[in-house]
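Sequence lines, in order, name chains E and R. Numbering-wise (this note's numbering), the first sequence opens with residue 1 and increments by one. Numbering-wise (this note's numbering), the second sequence opens with residue 1 and increments by one.
Everything labelled a hint here was simulated from the structure, so no lab data went into it.
In silico EDC-like pairs for lysine to aspartate or glutamate, Cα to Cα no more than 20 Å straight-line:
no., chain 1, residue 1, chain 2, residue 2
1, E, K255, E, E282
2, R, K116, E, D198
3, E, K4, E, D177
4, R, K116, E, D185
5, R, K116, E, E47
6, E, K240, E, D177
7, E, K240, E, E182
8, E, K311, E, E260
9, R, K116, E, E192
10, R, K225, R, E23
11, R, K293, R, D252
12, R, K293, R, D319
From a predicted model like this one, the values you see are computed outputs, not experimental measurements.
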Amino acid sequence: MTLKQIEGSHGVAETIALCRPEVICAYPISPQTHIVEGLGEMVKAGELRAEYLNVESEFAAMSVAIGSSAAGARTYTATASQGLLFMVEAVYNAAGLGLPIVMTVANRAIGAPINIWNDHSDSMSQRDCGWIQLFAETNQEAMDLHIQAFKLAEELSLPVMVCMDGFILTHAYERLDVPTQEQVDAFLPPFEPRQILDPSHPVSIGAMVGPEAFTEVRYLAHAKQLQALDLLPEISADFKKSFGRDSGGLIRPYKTEGAETIVIALGSVLGTIKDVIDEMQEAGCSIGVLGITSFRPFPLDAIRDALKGAKRIVVLEKCFAVGVGGIVATNVRMALEGSGQQVRTVVAGLGGRAITMSSLHAIFLEAMAGKLEALTFLDLNSEVVDHVLELERNVRLSGPVAESVLRNIGTVASNIA
Amino acid sequence: MSYQPVKFYQTGTFTVGNRLLDESDRSVQATTARNNSLNSGHRACQGCGEALGARYAIDAAMAASNRQLIAANATGCLEVFSTPYPETSWQMPWIHSLFGNAPAVASGVAAAMRIKGRTEVRVVAQGGDGSTTDIGFGCLSGMFERNDDVLYICYDNEGYMNTGVQRSSATPPAVRTATTMPLGPEPGNVFGQGKYLPAIAMAHRIPFVATATVADLRDLEHKVKHAINIRGAKYIHIFVPCPLGWGSASHDTINLAYMAKECGLFPVFQAEYGKITGVSKIRKPIPVEDYMKPQRRYAHLFGKNPALETIAKIQARADENISTYGLLEEGVN
Ligand SMILES: Cc1ncc(C[n+]2csc(CCOP(=O)(O)OP(=O)(O)O)c2C)c(N)n1
Ligand code: SF4
Ligand SMILES: [Mg+2]
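Required output: the full structure, derived from the provided sequences and hints.
Given below as structure tokens:
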């Protein structure tokens with residue numbers, strides 16, 4: 001194994017190339033750009049034999065992917081944030097048509113206010129679209145998950161989204177193990193589609209389905225996605241055999257054995273949380289953390305088992321459903337139905353706000369003391385929001401919210417100084 | 001342009017020509033070997049111009065590609081009436097994805113064929129005027145700009161028919177639709193700037209752009225056959241009357257398409273790399289009223305107090321087409 005000091009995005013691009021994609025559609029949006037740029041370079045240089053289409057929008061990117069995948073070509077694209085929303089209609093369509101497209105989502109916030117930094121609002125908005133959603137904890141895992149994603153997608157004939165934190169992972173340089181072509185070829189066989197547009201076997205794909213069969217079609221989409229609950233651990237075990245490391249699977253418990261409090265999170269923040277857990281355990285706290293790798297399908301049983309014996313669960317999520325609260329937490333509550341275990345939601349890291357060890361430490365202590373409210377926004381500046389709420393109560397023409405907030409916080413530059 | 005060497009002035013149409021022609025010159029529809037790509041049994045209205053146009057166009061494309069053809073279809077009447085699950089009328093590989101993405105889906109299919117070395121397979125995308133000029137316009141322009149190896153066929157019935165006859169950007173001025181009712185001081189659709197897609201396609205300088213109508217089968221087939229074997233982006237805009245949306249008689253579909261061309265409202269021409277290379281001349285010029293009167297969507301302009309000014313404005317548009325595209329035969333007036 002030779003480690004290369006490279007950017008996460010570049011590691012992903014190199015890994016995708018090793019998966020031998022035949023069609024790649026590219027449309028730029030930060031923080032996904034370096035991935036598709038990397039692939040474009042390889043295609044231009046003749047190192048990768050693939051069709052590389054510079055399309056005019058994300059909607060077109062996913063639509064081209066639908067066409068090429070339906071015609072039997074292994075297909076890849078990547079996006080983030082506004083780009084994912086721009087392609088939504090085609091995202092649902094790709095799932096409905098059962099096309100094994102693999103897409104990276106370089107997780108980023110959604111505007112307004114426009115914000116290029118990391119949180120999980122983008123891919124979470126697509127949690128019900130029928131795609132499998134895998135979250136990477138590290139850049140190495142992001143790379144590994146893509147190899148597994150093609151295998152899973154093609155096995156089930158379902159699209160797979162690999163979610164990796166924008167900037168925190170995509171733009172981080174670290175030592176990464178880029179596998180060899182032989183390794184990947186041995187793990188990932190050539191694409192043999194289940195359905196294909198081919199003049200020698202004409203089929204009609206995408207017919208209109210009425211009430212008489214629509215429920216059955218949707219049920220089958222659900223049943224098929226649930227098959228990934230068995231397949232993901234198998235693929236992950238096979239991966240370990242071939243590549244020698246743990247990557248993928250459904251969930252990732254860390255020091256949860258006997259823990260009274262278990263934190264749940266997705267993606268790169270798990271690294272910071274683990275450091276906090278280490279410190280706290282050393283100080284005698286009974287606390288562990290459970291990472292969720294497969295958010296769709298949601299591994300209800302595995303999570304229930306992993307949380308057995310814990311008194312309280314703190315779901316730390318980089319997204320939330322406006323008007324109700326946690327998204328991941330709601331799913332976790334489903335897993336714990338009837339168990340009586342308490343679930344608390346901490347919304348953190350929105351729009352790239354740093355999630356610091358000290359803040360985590362404090363909030364976990366609060367949770368363990370039973371003082372945490374059902375829904376908490378980590379490091380929320382209450383003075384500022386109270387001021388804006390007050391202003392809006394008194395002045396009808398109170399102006400745009402984002403600008404009002406900034407007026408009270410001061411400029412970015414003045415904060416740094 | 002494609003013209004058979006024999007002319008049939010005695011009937012005023014080109015439709016009876018086949019038996020007098022060489023076998024090789026006969027239309028695809030006239031042969032028993034035609035593919036019936038859009039097979040009978042579908043649910044289009046009686047006299048649907050779009051069904052007819054699609055049948056002509058796709059059979060011609062099948063013939064010209066030795067049946068090595070894949071189609072991507074936008075949402076719309078053609079898609080809905082041809083594929084009510086579990087039935088399909090398509091005797092060819094066919095995919096429907098969304099309303100606004102048929103050109104991009106076709107680009108994807110073409111990319112897959114290219115990387116797999118299946119250069120013999122040709123790709124068409126097809127959709128209605130709404131899908132083409134409005135919601136799928138971005139994808140279409142992208143496909144043109146990249147010069148992807150796709151033939152895009154627009155079936156223009158001048159409105160969103162599948163959703164119940166609403167206005168599209170291809171709906172002509174003064175026309176009654178469900179969203180441009182014949183009410184108020186300016187009844188029917190507005191006199192806007194228009195959005196003439198054949199000219200927009202030409203502005204992309206793609207290898208081939210053509211217009212055609214279902215009234216001239218031979219010309220339509222010829223253009224499709226010519227286009228299908230060109231590598232790169234191609235666009236054919238076919239005029240297809242819609243009896244339901246236009247309030248016209250089912251048996252008038254071909255006649256209306258014929259009159260639309262003869263009055264100058266729908267110019268029939270072809271262009272290569274942005275330059276016009278052929279025009280179908282008007283054979284017997286007619287006033288626009290003759291074309292408009294049999295359609296109830298124009299009924300509010302006629303009757304006891306005809307809207308003479310409005311009709312004159314529409315005639316002026318036809319006249320402008322006639323001079324812009326040189327639609328009149330030399331010496332005919
Ligand atoms: C995104 C989206 N918006 C709206 C619709 C509804 N819709 C389906 S078909 C159609 C009209 C199609 O009009 P056109 O493309 O002209 O085809 P026609 O039915 O007239 O042949 C509309 C508005 C849709 N399916 N998808
Ligand atoms: S509404 Fe018009 S376009 Fe649609 S099937 Fe009927 S005639 Fe054809
Ligand atoms: Mg239409």
